[in-house]
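**Student:** For reference, the chains in residue letters:
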Amino acid sequence: MQSKFSKKYNFLAYLLLSPSIIIVITFLIYPSLESLYLSFFRSTPFGNRQIFVGLENFARLLTSETYWNSLGRSLIFTAITVFISISFSLLLAVLTNKNIRGVKIYKSLLIWPFAFSFAFSGIIWGVLMHPNVGIMSYYIQLLTGFEFNWVNSGSAAFILLIIASSWRMLGYNFIFFIAALQNVSPSLLESAEIDGANPFIKFWKITFPLISPITFFLLIMNTLQVFFLTFGIVDVLTKGGPARATDIVTYKLFRDAFLSMRTGYASAQSIILFVIVAGITIFQFKYAGKKVFYQ
Amino acid sequence: MRKKIIFLVALFSLLLIGSMSVSAEVIEIEFWHAMSGGRTAAVERIVNNFNAEHPNIKVNAQFTGSYAETLTQGISAVRAGNPPHIIQVYEVGTQTMLDSQAIVPVHEIVGDQIDFGSVIQPILNYYSVDGKLYSMPFNSSTAMLYYNKDAFAKAGIDSPPETWADVEEMGLKLIESGAANHGLSFGWPAWIMEQMFAYHNQPYANNMNGRDARATEIYLNSDFGKHVLGTWTDLVEKNVIAYGGREYSANQDFLAGEVAMLIQSTSSLSSMEKTADFEVGTSFLPRFEGQGIGNSVIGGASLWVMQGHDDKEYQAVVEFFKFLNRTDVTIQWHKDTGYFPSTNSAVKQLMDNRWFSEKPNYLTAFLQVLSGVATPASNGVLLGNFVEIRNITDTAVEQAFTGVLSPEEALEEATDKANQVLEDYTELFGN
Numbered sequence: 001m002q003s004k005f006s007k008k009y010n011f012l013a014y015l016l017l018s019p020s021i022i023i024v025i026t027f028l029i030y031p032s033l034e035s036l037y038l039s040f041f042r043s044t045p046f047g048n049r050q051i052f053v054g055l056e057n058f059a060r061l062l063t064s065e066t067y068w069n070s071l072g073r074s075l076i077f078t079a080i081t082v083f084i085s086i087s088f089s090l091l092l093a094v095l096t097n098k099n100i101r102g103v104k105i106y107k108s109l110l111i112w113p114f115a116f117s118f119a120f121s122g123i124i125w126g127v128l129m130h131p132n133v134g135i136m137s138y139y140i141q142l143l144t145g146f147e148f149n150w151v152n153s154g155s156a157a158f159i160l161l162i163i164a165s166s167w168r169m170l171g172y173n174f175i176f177f178i179a180a181l182q183n184v185s186p187s188l189l190e191s192a193e194i195d196g197a198n199p200f201i202k203f204w205k206i207t208f209p210l211i212s213p214i215t216f217f218l219l220i221m222n223t224l225q226v227f228f229l230t231f232g233i234v235d236v237l238t239k240g241g242p243a244r245a246t247d248i249v250t251y252k253l254f255r256d257a258f259l260s261m262r263t264g265y266a267s268a269q270s271i272i273l274f275v276i277v278a279g280i281t282i283f284q285f286k287y288a289g290k291k292v293f294y295q
Numbered sequence: 001m002r003k004k005i006i007f008l009v010a011l012f013s014l015l016l017i018g019s020m021s022v023s024a025e026v027i028e029i030e031f032w033h034a035m036s037g038g039r040t041a042a043v044e045r046i047v048n049n050f051n052a053e054h055p056n057i058k059v060n061a062q063f064t065g066s067y068a069e070t071l072t073q074g075i076s077a078v079r080a081g082n083p084p085h086i087i088q089v090y091e092v093g094t095q096t097m098l099d100s101q102a103i104v105p106v107h108e109i110v111g112d113q114i115d116f117g118s119v120i121q122p123i124l125n126y127y128s129v130d131g132k133l134y135s136m137p138f139n140s141s142t143a144m145l146y147y148n149k150d151a152f153a154k155a156g157i158d159s160p161p162e163t164w165a166d167v168e169e170m171g172l173k174l175i176e177s178g179a180a181n182h183g184l185s186f187g188w189p190a191w192i193m194e195q196m197f198a199y200h201n202q203p204y205a206n207n208m209n210g211r212d213a214r215a216t217e218i219y220l221n222s223d224f225g226k227h228v229l230g231t232w233t234d235l236v237e238k239n240v241i242a243y244g245g246r247e248y249s250a251n252q253d254f255l256a257g258e259v260a261m262l263i264q265s266t267s268s269l270s271s272m273e274k275t276a277d278f279e280v281g282t283s284f285l286p287r288f289e290g291q292g293i294g295n296s297v298i299g300g301a302s303l304w305v306m307q308g309h310d311d312k313e314y315q316a317v318v319e320f321f322k323f324l325n326r327t328d329v330t331i332q333w334h335k336d337t338g339y340f341p342s343t344n345s346a347v348k349q350l351m352d353n354r355w356f357s358e359k360p361n362y363l364t365a366f367l368q369v370l371s372g373v374a375t376p377a378s379n380g381v382l383l384g385n386f387v388e389i390r391n392i393t394d395t396a397v398e399q400a401f402t403g404v405l406s407p408e409e410a411l412e413e414a415t416d417k418a419n420q421v422l423e424d425y426t427e428l429f430g431n
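Chains as they are written, first to last, in my numbering: chain A, 1 to 295; chain B, 1 to 431.
Pulled out of the complex, with its shape left as it was, chain B reads as follows (with noise of 0.2 Å):
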């Protein structure tokens, strides 16, 4: 018995001072990611950079697994009472986010400690309410045309089309000279409409995108909805469009060759570059002429800092952020995966360095985002439950691509859903 009581008390003693050992010194930030693949060594480079500079913070970062995977995790660990400090969130669950009740928004704790002026605008607009920065830019990007250079010179077509009466033509030439057997695929097909809303300065959502209050209705049957859907289908009727899915599986057809263009995220490029077996070219997004001027929009995804943390571990979150805001881990960032370096001075540096004019496709989506015009309709829409209508406007476009209803049918369908879908979000706040 007494032999037994000693080791008890020994081995409570141990874990005691185990534990205290840890929290004496070294303070420990949890981050929840979603960077697969190649991505997930980038995470980890930046990580293990700022722990060696910084040792008395550990920071663990962690991959949860898909953007919905990591957030629904996030919301288990929140409503366990446990969260991390920082989760990384996609673009879509924005309005989840500043809705839960759970976050601390980053302008509170940054303060002044991070010139967020530094970043670059259309980033700095689309995770801003009411000019104020909730999240912290991560990767982002936006969505631009990559074409098949060779394709076109076989094809006898010597500059990327700039409107898309442009892909029309070209698509028929390419398909007639035997260049491709079809024109242009796109991935992300909602995203892509949410681009091209944003690109001609359309609204897509009331209440200035919902950023003045929750968005309760939304544009798709507009009539400039209707005509982009339109044109997409005529499009497909005569074969220039090959529809490619909902995420990345068109790139396999535009690397196949049988597209020679494809509107895809910036974050393809590098993939894109390097297991292509012709020269990839990129431009600025394909215009409808006469509808206006706005900007694309930005996607990815952003950091969220979690409440229930004190506020030595809010001031380490800081540290990192302005580790992460520091022009050369955002250089590195940027090359080794493709998305945009987030402040000016990053994109200065990689100027200077001739980056840029070495890789001039890493330019494009920068020109296209930068030469924007920022506007409350092109700093991007916020939804709640976007998950949901980004599947019911995907839907909408497959039906009006698959022939089960007529452009204009689809778009009144997922419009009358996603106002409902709306509807019960906004309820569920009582306004």
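Chain A on its own, in the form it takes in the complex (with noise of 0.2 Å):
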């Protein structure tokens, strides 16, 4: 193909580019080709014995139960939070996108959870929901009499890990969908009003398949750090227990990469995750951004 600009040119766009070449070089080419190597040998924590292993700590991971409990919960889980997330956030923004009283304020404190760390959200959660000294967690067995317990109930600790994430993509989310609703052109929503249509179709035919591309946007952001970044709240609250529930893939990755310092079998879960991930992420171009409306 016949470039734009005249050969000499070249070297210039190259040595602009050069900078976050070296840098993705480095810091993400390299160490990935390194973990591929490293997944298949089997070595001790310092390194100074290493046997070849072939491809045996693939296969042992894809036909580990453990291993499949790790990624269907991440699966599960991920799912979950990011529909809850990004449907809970659309709702705020459009119940905040009117000109009611005092409207900055509740706007300025629904964004205050992205200021977090996920780390920061799970010890928030576990101090409000701790079993018997969390408020939370009192005036809930208070009112319904349920007892929520997520040190030693799994499901109750698998909640808890959707409520603490979701909580923490919030503000994420709602940024993004306030600044799509302002962008949404009041003319179009004033001639439906004529039309004679209520404010929920309103919401359905125009709002909706405006934001669509904030929303697809959205999609993927939330999927991305929901399923890695969570790693933080499972770190303080639960490290994966009780018995497995919530033991998500990127905390078992870290688990055997850095407390049980298995390089090769941490390696190759690393390069399982990283095609699971390009694969969720295409999928979702391919199938998710048709339904995209761009105005």
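Hints are not guaranteed to be accurate.
[What the hints assert, rightly or not] Examples of chain A residues lying across from chain B (beta carbon under 8 Å, computed):
hint : residue
1    : Gly47
2    : Ile51
3    : Thr144
4    : Ser153
5    : Ala243
[Claimed, not checked] Just the calculated beta-carbon pair ranges, DEER-fashion:
hint : chain 1 : residue 1 : chain 2 : residue 2 : range
6    : B       : Lys322    : A       : Leu75     : 35 to 41 Å
7    : A       : Leu28     : B       : Asp112    : 52 to 58 Å
8    : B       : Pro105    : A       : Tyr37     : 31 to 37 Å
9    : A       : Glu65     : B       : Thr163    : 36 to 42 Å
10   : A       : Leu28     : B       : Lys149    : 58 to 64 Å
11   : B       : Asp234    : A       : Asn69     : 24 to 30 Å
12   : B       : Lys238    : A       : Leu33     : 53 to 59 Å
13   : B       : Gln315    : A       : Phe258    : 30 to 36 Å
[Unchecked claim] To list a few chain A residues with every Cβ distance to chain B over 10 Å, as calculated:
hint : residue
14   : Leu17
15   : Phe83
16   : Ser87
17   : Gly102
18   : Gly196
19   : Ile220
20   : Ser270
21   : Ala288
22   : Phe293
Treat the hints as calculated values from the structure; they're not laboratory data. Quick caveat, the model's predicted, so the values are computed rather than measured. C-beta atoms are modelled at their ideal positions from N, C-alpha and C, and glycine is treated no differently.
Could you use the hints to bring the two separately framed chains together as a complex?
**Tutor:** Below, the structure written as structure tokens:
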């Protein structure tokens, strides 16, 4: 293909690109190749002994019930969390996108959770929902009689993880939705109103399609963030327990790599993870991407 | 141009002088530790006192995160060819360190400069292999029973439990009388499981608990193991045991009065006494009747000396270890943190100064470890990739407690998994 620019600019182009290329190579490509290499070995923590095991690490992972449990739980967890955090923040954005009193205060308060790290969100919810001394679990028990004990109930721990993670993503999604909603042209909504559309129809037929590019963007970003970063919450709260109920793939990877120090086994996991995440993203672009309406 | 050269020469010589003046007299020792919170200050106190007494040695104590993080950083440093002199490693990392080919055994550099005969026997046994000390004991603890004296009084019970049968009986009484919602909780489930094995003189793994050769088989699914987890699970179903999580989270439940008994590391004692709004009592671990007598196991961490330094520096390390072993330093460390004072003379002095009679809770753990029987099974187990095996055992306990699997099934699964880990580990060494 003939370039638009003459050849003498090529050198300049490469020069300007080189810092990012160097960074990508040293911090992304080289470590990835190194992981791939390590995944064919089993070694001692100090690396003083190492044996070539071929595809054993992969074979073990793919036949391991524990790993499939981790994978299944991660996918279910991510799907539920992304759905809850996106729909809930859209609801809140629509509610606050009106001229009501003190709306600015609500908005800033709703953006706040985004300022915390996942681990911090985990600590907050861990304190609130502590089975014995948590104020929230106390009221839950007072009002419903249900004992929400995430220390010795796997499903409660799983739910707590969803709550803490969705809450953390709320602020992020909220900002984007507010911005998107403000870009929806009032004239479209007005003309719909003149045609007799009720608020519900106005939202589903006009607003929702118009903000769909943002929703799509958030879908991808949320999936990636929730999939990877919920690790922080698991690390401070449940450590994968009780009985592997919250043993999501990223936490398992961390434990195998940095606590048990099984480098090869962990590298194989990171390769599998890479393939899965790339797969999910491609799938989303291919199918969900088609439903996006670009103005 | 000339100005530039002069400037460079000046700069270079400055740097040279700077580096020379440091290396000429003072030997610097890098010491990486994992003592967080109030314990950081206790470590710094020791190091500062040492440095003040030894003008030619400077120990730089550096807090490098949790035990796991400290070990990971140590490994990276070794791989990068730049290890510190001393790394603090938790007890589960002992086999990893022994197999690392990156350490200098403490007995080699110390020779006869320190009389390790003065170190309390159970501690010495834990960190010795073939009767030789490989790392310097530093912070040692064990598990014991804490109980809420006020709750016990309310339930009309006048002495702590001796056996697990007592735990059940008293637990039910405590619940009935409304003194607590549950009877007992514990932290570190896998460690408490190991304690139970050693406490009843039951080996946890083959090859003499991994001390004759690398362990290749774990005995979690033995009759004894099943008896322990079976009894516990039964108590969970009767509401007597409330599972409290993997590390220290159960302390909260005890302090909040949710449970009236707690099995936890002795290192929690000082914080427990400070925070509790009731009278804290302590006692020995409960026994299973008719199952043999051993000893409770030492936990905590020890100091490992790394390869790649010269003799002068190792001599400085020995000086530091001598200092650590000194009676007054050991006593101060014990009082600051609640860890065992590791030498017999320190214990004697603490007795003479009536420390134990004023604070009897600090005596409990001692009497417990000293009254036990020292056998291979009670010296504590050494396992390759112990961290992973702890995780496997924790999971098994949780599976039984949450009803995911029966205790027997959970232990069988855990044994298979742990044996695989051990096999993978020993294969690396070609035997």
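**Student:** Next, verify each hint and record whether it holds.
**Tutor:** Against the structure, the hints come out as follows:
1. Contact between A:Gly47 and chain B, as hinted, is supported at the beta carbon level, the nearest pair being about 6 Å apart and thus within 8 Å.
2. Evaluation of the A:Ile51 hint against chain B yields a held restraint, the C-beta minimum of about 6 Å falling below 8 Å.
3. Nearest Cβ of chain B to the Cβ of A:Thr144: about 18 Å, over the 8 Å cut. The hint is violated.
4. Here the hint on A:Ser153 is kept, as its CB sits about 7 Å from the closest CB of chain B, short of 8 Å.
5. Checking A:Ala243 against chain B: minimum C-beta separation of about 4 Å stays under 8 Å; hint holds.
6. Taking 35 to 41 Å as the suggested C-beta distance range, the pair B:Lys322 and A:Leu75 does not conform, at roughly 57 Å.
7. About 54 Å separates the C-beta atoms of A:Leu28 and B:Asp112, a value consistent with the hinted range of 52 to 58 Å.
8. For B:Pro105 and A:Tyr37, the hinted distance range of 31 to 37 Å is satisfied, since their beta carbons lie about 33 Å from each other.
9. Against the hinted window of 36 to 42 Å, the Cβ-Cβ separation of A:Glu65 and B:Thr163 comes to about 37 Å, which satisfies the hint.
10. In this structure the hint that A:Leu28 and B:Lys149 lie 58 to 64 Å apart at CB holds, the actual value being about 59 Å.
11. Here the CB-CB span from B:Asp234 to A:Asn69 is close to 27 Å, well matched to the stated 24 to 30 Å.
12. Hint check: B:Lys238 to A:Leu33, Cβ distance near 56 Å, so the stated range 53 to 59 Å holds.
13. Between B:Gln315 and A:Phe258 the C-beta distance comes to about 34 Å, which sits within the given range of 30 to 36 Å.
14. With a cut of 10 Å on Cβ distances, A:Leu17 stays outside the contact zone with chain B, its closest approach being about 31 Å.
15. The claim that A:Phe83 is not at the interface with chain B holds, since no C-beta of that chain comes within 10 Å of its own (minimum 27 Å).
16. For A:Ser87, the condition that its CB be more than 10 Å from all CB atoms of chain B holds, with the nearest at approximately 31 Å.
17. At the 10 Å boundary, the C-beta of A:Gly102 stays outside the reach of chain B, the nearest C-beta of that chain being 38 Å off.
18. For A:Gly196, the condition that its CB be more than 10 Å from all CB atoms of chain B holds, with the nearest at approximately 56 Å.
19. Every Cβ of chain B is farther than 10 Å from the Cβ of A:Ile220; the closest lies at roughly 32 Å, confirming the non-interface assignment.
20. A cut-off of 10 Å between C-beta atoms confirms that A:Ser270 is not in contact with chain B; the least separation is 16 Å.
21. Residue placement check: A:Ala288 keeps its beta carbon more than 10 Å from all beta carbons of chain B (closest about 35 Å).
22. With a least beta-carbon separation of about 46 Å from chain B, A:Phe293 lies farther than 10 Å from that chain, consistent with its non-interface assignment.
In summary, the structure is inconsistent with hints 3, 6 from the numbered list given earlier, while agreeing with the others.
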